[in-house]
Every structure is written in C-alpha cells, then in structure tokens.
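With the hints as constraints, model all of the structure from the sequences given.
Protein chains: 2
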Amino acid sequence: FFHNKLHNSVFLKTNWDKEYVGFATLPNQIHRNSVKKGFEFTLMVIGESGLGKSTLVNSLFLTDLYKDRKVLNAEGRLSQTVGITQKTVCIEEKGVKLKLNLVDTQGYGDTLNNQYSYKGISDYIDCQFEQYRKEEVGLERRHIRDNRVHCCLYFISPFGHGLRPLDVECMQALQDKVNIIPVLAKADCLTRDEVNKKKNRILSEIDEYMLKIYQFPDCESDEDEEFRRQDIEIKKSVPFAVIGSNKVVDINGRKVRVRVYPWGVVEVENPDHSDFVHLRNMLVRTHMQDLKDMTHDTHYERYRSQWLYKHQHTDEVGTSHTVTHTHTIFYSVHCFPLN
Amino acid sequence: FFHNKLHNSVFLKTNWDKEYVGFATLPNQIHRNSVKKGFEFTLMVIGESGLGKSTLVNSLFLTDLYKDRKVLNAEGRLSQTVGITQKTVCIEEKGVKLKLNLVDTQGYGDTLNNQYSYKGISDYIDCQFEQYRKEEVGLERRHIRDNRVHCCLYFISPFGHGLRPLDVECMQALQDKVNIIPVLAKADCLTRDEVNKKKNRILSEIDEYMLKIYQFPDCESDEDEEFRRQDIEIKKSVPFAVIGSNKVVDINGRKVRVRVYPWGVVEVENPDHSDFVHLRNMLVRTHMQDLKDMTHDTHYERYRSQWLYKHQHTDEVGTSHTVTHTHTIFYSVHCFPLN
Numbered sequence: 001f002f003h004n005k006l007h008n009s010v011f012l013k014t015n016w017d018k019e020y021v022g023f024a025t026l027p028n029q030i031h032r033n034s035v036k037k038g039f040e041f042t043l044m045v046i047g048e049s050g051l052g053k054s055t056l057v058n059s060l061f062l063t064d065l066y067k068d069r070k071v072l073n074a075e076g077r078l079s080q081t082v083g084i085t086q087k088t089v090c091i092e093e094k095g096v097k098l099k100l101n102l103v104d105t106q107g108y109g110d111t112l113n114n115q116y117s118y119k120g121i122s123d124y125i126d127c128q129f130e131q132y133r134k135e136e137v138g139l140e141r142r143h144i145r146d147n148r149v150h151c152c153l154y155f156i157s158p159f160g161h162g163l164r165p166l167d168v169e170c171m172q173a174l175q176d177k178v179n180i181i182p183v184l185a186k187a188d189c190l191t192r193d194e195v196n197k198k199k200n201r202i203l204s205e206i207d208e209y210m211l212k213i214y215q216f217p218d219c220e221s222d223e224d225e226e227f228r229r230q231d232i233e234i235k236k237s238v239p240f241a242v243i244g245s246n247k248v249v250d251i252n253g254r255k256v257r258v259r260v261y262p263w264g265v266v267e268v269e270n271p272d273h274s275d276f277v278h279l280r281n282m283l284v285r286t287h288m289q290d291l292k293d294m295t296h297d298t299h300y301e302r303y304r305s306q307w308l309y310k311h312q313h314t315d316e317v318g319t320s321h322t323v324t325h326t327h328t329i330f331y332s333v334h335c336f337p338l339n
Numbered sequence: 001f002f003h004n005k006l007h008n009s010v011f012l013k014t015n016w017d018k019e020y021v022g023f024a025t026l027p028n029q030i031h032r033n034s035v036k037k038g039f040e041f042t043l044m045v046i047g048e049s050g051l052g053k054s055t056l057v058n059s060l061f062l063t064d065l066y067k068d069r070k071v072l073n074a075e076g077r078l079s080q081t082v083g084i085t086q087k088t089v090c091i092e093e094k095g096v097k098l099k100l101n102l103v104d105t106q107g108y109g110d111t112l113n114n115q116y117s118y119k120g121i122s123d124y125i126d127c128q129f130e131q132y133r134k135e136e137v138g139l140e141r142r143h144i145r146d147n148r149v150h151c152c153l154y155f156i157s158p159f160g161h162g163l164r165p166l167d168v169e170c171m172q173a174l175q176d177k178v179n180i181i182p183v184l185a186k187a188d189c190l191t192r193d194e195v196n197k198k199k200n201r202i203l204s205e206i207d208e209y210m211l212k213i214y215q216f217p218d219c220e221s222d223e224d225e226e227f228r229r230q231d232i233e234i235k236k237s238v239p240f241a242v243i244g245s246n247k248v249v250d251i252n253g254r255k256v257r258v259r260v261y262p263w264g265v266v267e268v269e270n271p272d273h274s275d276f277v278h279l280r281n282m283l284v285r286t287h288m289q290d291l292k293d294m295t296h297d298t299h300y301e302r303y304r305s306q307w308l309y310k311h312q313h314t315d316e317v318g319t320s321h322t323v324t325h326t327h328t329i330f331y332s333v334h335c336f337p338l339n
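Chains as they are written, first to last, in UniProt numbering: chain A, 1 to 339; chain B, 1 to 339.
There's no promise every hint is true.
Claimed, not checked - Covered by chain B, according to a simulated footprint, are these stretches of chain A (three or more residues, beta-carbon under 8 Å):
(1) 43-51
(2) 152-165
(3) 188-198
(4) 264-274
These are computed hints drawn from the structure, not numbers from a lab. If you're wondering where the values come from, they're calculated on a predicted model, not measured in any experiment. Ideal Cβ placement from N, Cα and C applies to all residues, glycine included.
Next comes the structure, spelled out in structure tokens:
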C-alpha cells in the first residue's frame, strides 16, 4: 500500500480531497504502470527474400535493424532451410518505451523445394506459446517473458498473378496461430491500375480459399471524426501496397524516405504513392493493443485449450492424479487472466 | 537454270556484259533467296510467372501474342507442371518476312516443389533437335521444319539477391543445348544503383558457377564506327535490364510504350530507363543470324554427335549393319552441310 501511495500520490491526494472511493483512478494507474513497464510487441515478417522485408521494418520503426546482414548466394541458399532469427530493438518516443521483437524468416520460399518452408515457422510460433504457457502456470509469474508473435506481415510478391501456391499453403498453416496481415510488397513496380487489380484478386482469393487474415475490429461509436476516417482508410487498404526505403533525403527542409528513379522520385510516406502510412498507423498507432489482445484471447487460448485437451486425453489412460492437476491449472488461469 | 535466270536476270545481265564468271552474284542470290523464303526464328522465354515474359515479347516484336491468355489461380498452379506452349507469328517489314516461333514455359518456378521445373524444358529442346535430325537424314530435305530453339531469354527476378538456386540449376541443365541470354526482368522496380549492383552480382555468380551464357562474337574489324559503338553498348548491357509494356501513348506525335506511375512515366525504349533497345537491336538487328549459326554449329552438332556415339555403342553390341548405316549418315551430313 505504501509503495502504491508513493507512486500515485498525486491522484490519491485529489481523490481523498473529493472523498471519492478512488477506483476512478484505475485507468490512470494502468496507464502509468504501462508507461513505467514499457510495451512489448513481437512482429514477424514472412516472404521470399528480396521482397523488402528488412527495408520495410526499418522504414516502419525508423531504425536500422539490419546493419550487419549477410546475403547468401545461390549455393548457400540451395542447402539452406528456413532460418528464423529474432532481433530486439528498444525505441523510446515521448517517454514511452517500446521493446520491439522482430522475427525474420530468412530463406523462406528460396529453396528449390518449398514444400515445408512454413513448417519451421509454425513450430516457432507454437514454441513461443508453449514457453508462455509454462511460465504462466509456474511460481514466479510477475516477469513472464512474452515472446508470442502478435502480428505477422505476410509479404506477397507484386509479380504473382494473385496468390502463389506457397502463399496459400503457408497462410492456411498459420491462420489459427497468429494475426496475419497481408502486404503487397514493393508496390513501386505496379501502376495504380495494377495495384487495384492485384488487391482485388488477392482479396477474392483469400475469400475463395477461406484464409483467415486479421479482422479489424469495428470502430467504436464514440471515436472522433478524424479517427473514423482514418479507420475506414486503413480497412480499405488491405492488402497494404507498401514501399520501403533506407534512403533519406531532404526535400524542402523535411526528411523524406525515397526511392530515386530516372523517371521520378517515389516518396514512401506519400499516400498517393503507397499504403505505407496506413500500415504504420494501423500497426503502431491504432491497432497494436488489439493485435496483442487477439493473440492472447484467441490464438493463445486456442493453443492452450488444445494443449489441455491433448494432455487430459493422454492422462485418462494413465493416472487420474495428473488429470486433477491439469484441471486445477485450467481453473486458476481462468480465474486470474493475466492481461 | 532457266528458273534461276528468270529470277536473277538483272544481276546476270550486268555480269554477262562485263564478262565476269558470275560468282560475285552469289551473296546477292543468297540474299534474294532468303528474302523470298523468309526467315524463321525460335525464341524461348523462361522465368517465373509474373516477370513480364509475355509483355516483353509483345514489346520486342510489336505484336500481341497473348491476347487470349488465361492466368491460373493458386489452386490451378499447385498441381500444374511446366507447360510448354508454342506460338507462331509472321511479321513482315520492308518486304522481309520473319516467322517467329515463341516457346513459352508457363508455370516455371511456380509450384511448391520446383526441383524438376527445368526437366520438361530440357526435354523439349532435345525433342526439337531429334525432329530436325530425323528430317535431315530423310529423303525429302528441302522443306525441313526447323523448330530448334535458337535463343533462350532467361528472366531473372529483380528481387533476388543475385541468382536463385533454381536459376543456377536450370541454366546448368540448358547451357549446352541453347544460347542463353540472361535478362534482369522488370527493371522499373530498381534504381540505377540497384541495377548496376544486381548486374555485377549476377555476372560474378555466372562466373562462379561457370554458367555458359551466349557469348557475343567479336566485332569484325571492317564494321563502321556506329556499328562498333552499338556492339560495345550491347555487350556492356548483359544481363539486359528490361522493361516491357502493352500500353502505347502518344507523346509529341510519336507512339511510345510506357508505364505510367504516380511519380513519373517510364519509357520502355528510352535507353536511360532500360536496356530494352539494346536487347531488341541485338536480337533482331545484329545477332539473329549468329544465334542461328551457334545453334546449328555448336548446340545441334553436340546433340547429333552424342546421338551418334550413343547409337554406335548400342549397335556394337547388336548388329554391325546399323553401325555402317550410322557412319554413312555421319558422312553425308558432313559433306552437305545444310546451312
């Protein structure tokens, strides 16, 4: 209590004065706490090499995550399986800390036989769920590391006539484990017409194959006009046609990320040139928490209940002692949700 | 003789007058004959779907070969094997007829497992050699259909970091059968810097894997300045960074093939924008005959001698009669080269 009072002294004081019970400060407390603790977000990028995954992430978070990257040559890639690497970068903006974990899938779709390219990715996601589950039922729960993948940007080649077989297979394998957000990569090689056609084709194929991509929540009725307009723009942009760049130039005093062609200059953040800003707004400014909630409430819960079901079944054949134990865990987690 | 006289009367007349023997007219006769017969050329295009193969061919020959094309969706492509289609178009320009056979490789690199994508292509090329060989040793040799592949444009993705494993494997499988000309596809998504880097990387990988691509013959010393300049330009451009377009607009009265982006207009035939003109000059204006000669003298001869060697060996175990027969063929063909 003393510890709490110390930190919330300002709020408590005002509230004592007005003789409130005080629970109105709870949102503020959560706000303060979250700022103090900082945020954590895990983003996965999937797509063939060369589709600009690294460049886009650098552009999104204004960092340079890939300074010491080594690109393998064809021989290296022949024998290579999909390698999953995780990098962490801490970004601070106006006192708010974001710990960004970036999970990259190098070599995906790169080998001669891509039949099992997505198997390793699927295993990785499960592995993070399992780690979280173990920590969640353990003794020390205050510092659970959360490496669960909250969002997966799936890069679709602008050259495909819609989705490729590998895209369909991979999305089907991952759709119940992670929030998939499809992006149309390197959109600077597509004219406006082509972008629209590809988007329509991709959307109709997503429909046809019943692929489950991340569904944006409906906009709350009490949001302001600007937010609602932005929300509509974001929803309309799926799959986001994106352009990334590591080249920053100075145009009339403002720093702009560009790609310079002999026939013109592409500005990454110009909404007439690409959906980059919509994707960034969505990911960072408006839907980050929803992506985390979806991960915890839907994908992780699915994993956990499957785990429980599987272990219950195994144990019914074995000893009845363990069954009771499993039930206890199930109960306790439901009583004390962690988020 | 009468037939000849009728056709070459103009040349014969002048030559009789000057009391020449007349063989100086041979080049002219060949010229006249070839114009009368017309030219035949078979071009193969290999590359993942979506790399602009059809569009480039349309742009090169100013035709529309692909009006009734149907693009398969992901499901269709999952089960699909590489389908080889051949189309023929006759083009006439200033009285010279060109019969252009276009061999397309649909579905290449498109399936989940691409391990044997190039097998069908290799078989196709052999099949054309075999057909030619059979006709060549047959009775009626005046109208041999020549469907041998004279040139293969190999489309390299602009998104690969150099060559992909599939590219290397495929080129290795085809390099002794056909003249491979590598092109860097859809170069309008690469800045000038990126084009240069990719080209260097591709060339050094071609070197590293000892891939045999088409070697341009040295320029004859008696060619004029303009031709030599153009020849240097062409050789420097390999692998040709190309852009194709089916969209023709009118710019200041001249018809231009373009791609219209929000940030600028790409002109296909502008040498500052791509190597398209160099590729077209090479293919149509300067090196078409050399490509045909290389096919006949090197690739086809290799096929034929392998065939002879194989059948000689088989037959030594069997009857000696057939061996003699094979030898006769070998001899006769060498005495009467067809070209």
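Results of checking the hints against the structure:
Counting residues of the segment 43-51 of chain A whose beta carbon lies closer than 8 Å to any beta carbon of chain B gives 4, which reaches the threshold of three, so the coverage claim holds. Counting residues of the segment 152-165 of chain A whose beta carbon lies closer than 8 Å to any beta carbon of chain B gives 9, which meets the minimum of three for the stated coverage. Residues of the segment 188-198 of chain A with a Cβ under 8 Å from some Cβ of chain B number 4, which satisfies the need for three, so the listed coverage holds. Judged by the Cβ-Cβ criterion of 8 Å, the segment 264-274 of chain A is covered by chain B as claimed, because 6 of its residues qualify and three suffice.
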